[in-house]
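K.L.:
Whenever a hint applies, use it, and build me the whole structure from the sequences.
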Amino acid sequence: MANAPSEEVAIVAYAQTPCYRAYPEAEPKMIMSLVNQILDEVKIDRHSIDFTMAASCDYLSGLPFAFVQNVDGYGAWPPVYESHVEMDGAWALFEGWVRLQMGDIDTCLVVGSGKSSPGTPREIFPLQMNPYYGAPLGIDPVSLAGLQAAALVDAGKATEEDFAQVVSRSRRDALDNPFAQVKKDVSVEDLLKEPYFAQPLREHDLPPITDGASAVLIARADKARELCDKPIWIKGIDHRMESNNPALRDLTDSVSSRIAAESLGIDGASFDLAELCVRYSPEEVVLRQSLGLSDDCTINKSGGPLCGHPVMATGLARVAEVARQIREGQGQRGLAHAASGAALQQNLLCVLEGGA
Amino acid sequence: MARQQCAVIGIGQTKYYKKLDVSLDGLVRWAAQNALDDAGLEWDDVDAIVLGKAPDALEGVMMPELSLADGLGAIGKPIHRVHTAGSVGASTAISAALLVESGIYDTVLTVTYEKQSEGNATWALGGGRSGSQGAGGSFAPWIRNYITKTDAPEHIGWKVAVKDRLNALRNPNAHLQLHDISIEKVKESPMLWDPLRFLESCPSSDGAAALVLTNKAGVERSGRPAAWVIAHQKRTEFTMFPGRDTVMVKAGVDCAAALYKEAGITNPRKQIDCAEIYVPFSWYEPMWLEGHLITEEGDGWKMTDEGATEINGDFPVNMSGGVLSSNPIGASGMIRCLEAANQVRGTAGEYQVDGAKVAMGHAYGGAANYFAMWLVASEPSPSF
Amino acid sequence: MSLKTTTYTLEYPYTRTTGPVVGRFLTNLRDGKLIGVRTGGKVICPPVEWDPETNKTIEDPDYVEVGPGGTVKTATWISQPTRKHPFQEPFAFALIELDGCDTPLLHAVQASGPDAVKPGTRVKAQYREERTNAITDVYFVLEADATDQYIEPGPGEVEMTEHLISIDFEEIMAPQRLRFIEGLKQGKFIGGKSPVSGKVYIPSKGYDHIERVPMDESHEVEVQQTGTVCAYTIITPVQYYGQEETEPYIRCSILLDGSDQVLGQQDIRDIPVDEFRAGMRVKAIWKSEAERDTSEIDNRWGGTGACLERWEPIDEPDVPFEKFSEHVF
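Protein chains in written order, with my numbering: chain A, 58 to 413; chain B, 16 to 399; chain C, 509 to 837.
Hints are not guaranteed to be accurate.
Across the chosen pairs, the derived CB separations fall in these ranges [to be verified]:
| hint | chain 1 | residue 1 | chain 2 | residue 2 | range |
| --- | --- | --- | --- | --- | --- |
| 1 | B | Asp195 | C | Lys564 | 38 to 46 Å |
| 2 | B | Thr163 | C | Ser796 | 54 to 62 Å |
| 3 | C | Thr754 | B | Lys202 | 20 to 28 Å |
| 4 | C | Val729 | A | Val245 | 21 to 29 Å |
| 5 | A | Pro81 | C | Gln747 | 32 to 40 Å |
| 6 | B | Gly322 | C | Glu755 | 47 to 55 Å |
| 7 | C | Thr517 | A | Asp307 | 57 to 65 Å |
| 8 | B | Pro395 | C | Arg785 | 48 to 56 Å |
| 9 | A | Pro81 | B | Gly322 | 53 to 61 Å |
| 10 | A | Pro81 | C | Gly628 | 48 to 56 Å |
| 11 | C | Arg546 | B | Pro395 | 42 to 50 Å |
Covered stretches of chain B, as calculated for chain C (at least 3 residues, CB under 8 Å) [as the list claims (entries may be wrong)]:
| hint | segment |
| --- | --- |
| 12 | 127-136 |
| 13 | 155-161 |
When the alpha-carbon atoms are kept at most 27 Å apart in a straight line, the in silico DSS-like pairs for lysine-lysine are as follows [as the list claims (entries may be wrong)]:
| hint | chain 1 | residue 1 | chain 2 | residue 2 |
| --- | --- | --- | --- | --- |
| 14 | C | Lys707 | B | Lys164 |
| 15 | C | Lys564 | B | Lys30 |
| 16 | C | Lys831 | B | Lys265 |
| 17 | C | Lys696 | C | Lys831 |
| 18 | C | Lys564 | C | Lys550 |
| 19 | C | Lys626 | A | Lys250 |
| 20 | B | Lys317 | B | Lys164 |
| 21 | B | Lys276 | A | Lys280 |
| 22 | B | Lys372 | B | Lys231 |
| 23 | C | Lys831 | B | Lys164 |
| 24 | C | Lys696 | C | Lys512 |
| 25 | B | Lys265 | C | Lys550 |
| 26 | A | Lys214 | C | Lys581 |
| 27 | B | Lys33 | B | Lys231 |
| 28 | A | Lys250 | A | Lys240 |
| 29 | C | Lys791 | C | Lys693 |
| 30 | B | Lys276 | B | Lys317 |
| 31 | B | Lys200 | B | Lys317 |
| 32 | C | Lys512 | C | Lys693 |
| 33 | B | Lys285 | B | Lys202 |
| 34 | C | Lys831 | C | Lys791 |
| 35 | C | Lys626 | C | Lys550 |
| 36 | B | Lys265 | B | Lys317 |
| 37 | B | Lys164 | C | Lys541 |
| 38 | A | Lys292 | A | Lys100 |
| 39 | A | Lys292 | B | Lys231 |
| 40 | C | Lys626 | A | Lys214 |
Treat the hints as calculated values from the structure; they're not laboratory data.
Just so you know, even glycine gets a beta-carbon here, dropped at the ideal spot from N, CA and C.
P.N.:
Structure (structure tokens):
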């Protein structure tokens, strides 16, 4: 059970790096540029930020303690109050938001980063599976996405054309996103001509390999109004988990997203826009249905992770995107979603609204 | 809204040992079930779970909250995983406390662990390459500098090593049960990273520790002894920069100062009854006594030497045997916080400090650049 | 100019104690059987240690043999297997409803093509000749393609399973690291001088984290060949998988003249321990140009690869402790 938050917290600034195929320098440098960008925009000193939450995953770059170097990027001298989750930045945002609920500090900087380019993700991610029953079989997220897609098609809940439509729309929308990595105008018909990769998925149904980072600065009520003209209010954050064993889950439904939505008391139909962590095209079909998003809701105007997937920053980038879209007048109420684990094992929802 | 009160009402641990014959699920469930039983609660009573552990490469399991979710009863619940290197156990306890203090969650289960028998800690700490100096190799030069700076006699480290292992004999969970430990034995043990000898260094352990944290209403409902979390702080600094003091680490000094200020403590040595401090290598006891403002700079070794940190001294340190006696890295920081809670609840058995009302749990990590500390008390709002 | 890369492999043979339940499952696999556990009225395979409904530990597990046949529930044909997959030619991952079991098993099916593995297809477990007490000991084929196997039961109970995890990485060398390496090849120590503080970092990381500014080749400086030992320890090598060191050696940090940051991970094997001390003055003695080897240097770890022959004490007074005590790391 989760109780309603008592403090008003808003996003006052956000920043993303471009989605790089391979960032040519050290990860901390990527982070430093984002943090400087936010500090410059909001015109505050690094040390006036009360709390910092970092997010990254050592296994992406194959170095135990890699995250320690990232401290260089977000600044820690004189010493700072900070913590780190080995998860996507959206979960760092969750902890930062929870911390601000205590009412004694005003601001939190949240940074998520990752370089997927050095390794082969399909060979690393199986280590998220059960170490006895799953990991030794090399069960990777692409294969599980294929299984999820097959389950959807078998159940009559989606067609291959539905998947291709998600990809076609996303890539076209990405043409307008300066941060996106993969962007092109490609028709559903052309996409469907491609060979299968993890049937019924094709290579374009999978995310690119990306290096990147994203950051947001959040603040409590009056502080938020002081730091920016248009605070984007976080109305709630909730996240829920499902079984690690895909055999025990209904892959055609996102049960944990439903639970999160219910806990937040939200009606999916109330959102003007949404940024969903669609790493594989069938995930959009599942999430749209599970969250009850209306047909009028604009989904992944940024192109979403299918067009740029900086692992460990992707979920936080969705939050940054919703904030940006609301600020730029594309809607008043938006839903940001983050996922962790293969085939949407764990899901986080963040409700954002414009207004004073 | 004001900060909600938060207390530990359940404590659970595994036995700590070189190799435990359990699966990873079995390891974390062992501690978690013990904590729930102690709290008088069921799995269903848990609103959120916080998991913590050190590098994934120690067990070769990536983002273990995903594969442990089922075993930890996390299905349908929020669960997240903290990682702040060696200090992770304490950071995790603090993250869990935040969930309650924020008012968002009522009852939180937090678990930390390490199953070092599956991999190799020195290998992991060296990034999987040959020539790893390990943690001891990194800290030894700074210890040497402390000794040079303070002119401390060489036996101080040995004294700490003996004290903590003798304390461990009172703790049935502790990994090392060295019945014949003595100054001579420590002094004669092989040198690992000069000046640190084998018996001045922590073991490599399997183990898990868990806490159940709840708010005031939860404490009243449970009827269980409570260790109230009265303050917690974390501080981080860069690992390397010109002018970095690796003995009186600024992040450690700042963290302690902030902790005491938050609790209203002005004289930590007198107002804190006992402490569980992260001492993986013997000399870190005197170093942290200074580095966390318990005594004057340069006097830490004297406090140790005069017996102040013995279990019946005026500032007992590591009554449970400490990290020197059990070190499942991911859990060690939480074990410090947990043992502090044991003390103020009066549940520390054979290593109970009589009348302990305020206790400190502490951990550090990385290149001694991460610090996480908490203070627990037998009352929710003690005044000093 | 091509971007130089550095490669490394993270590899370890993990040895996992299984506990009784996973152990029993793997023991049966070794002996050519699949088992589940009955709990809460259901048979679950692979067996779990707790009841999924109540979360309580199953005190006295009731193991049940399941399969070897089963029906495919869902399948996906993998056209490009990874090196970690059970097969290196295309195959299917499938959710298999084993006979006698209430939960599907996620495993691999070997077949001629995607059309052969569909919902409803009957498959059967087969066991590998070489079994290693792991989930990979078993795999599935179409029922029609299955052969009868006689598996001799092994001795005792499986209590440990091994997983050799080996992952390769190839990363672009950060520009300032590359310059540092090029410098080493030329017998020079190349660092970077902060445009804000003027402090010299070696090797440069491409930024000054204190002043929060990026740095590049325009900030490059060369530092001197002489320096002061700031801190050291004597390492007795721990024997672990991949370790190549066997004899104790000194590892120290040296503050080169002109630098504000120490050069770490300098291994000393030819100055006697009783002559070695913090504060002593040393100079770099290089290997011949042809022998300098920078292959071990990557984006993160310290050291100078195998470019230096040794550090030689120089005849200058030791530097007092206070002067270098803040340049230890």
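K.L.:
Check each numbered hint from earlier against the structure, then list the numbers of those it violates in ascending order.
P.N.:
The structure breaks hints 2, 4, 6, 7, 25, 27, 33 and 37; every other hint is satisfied.
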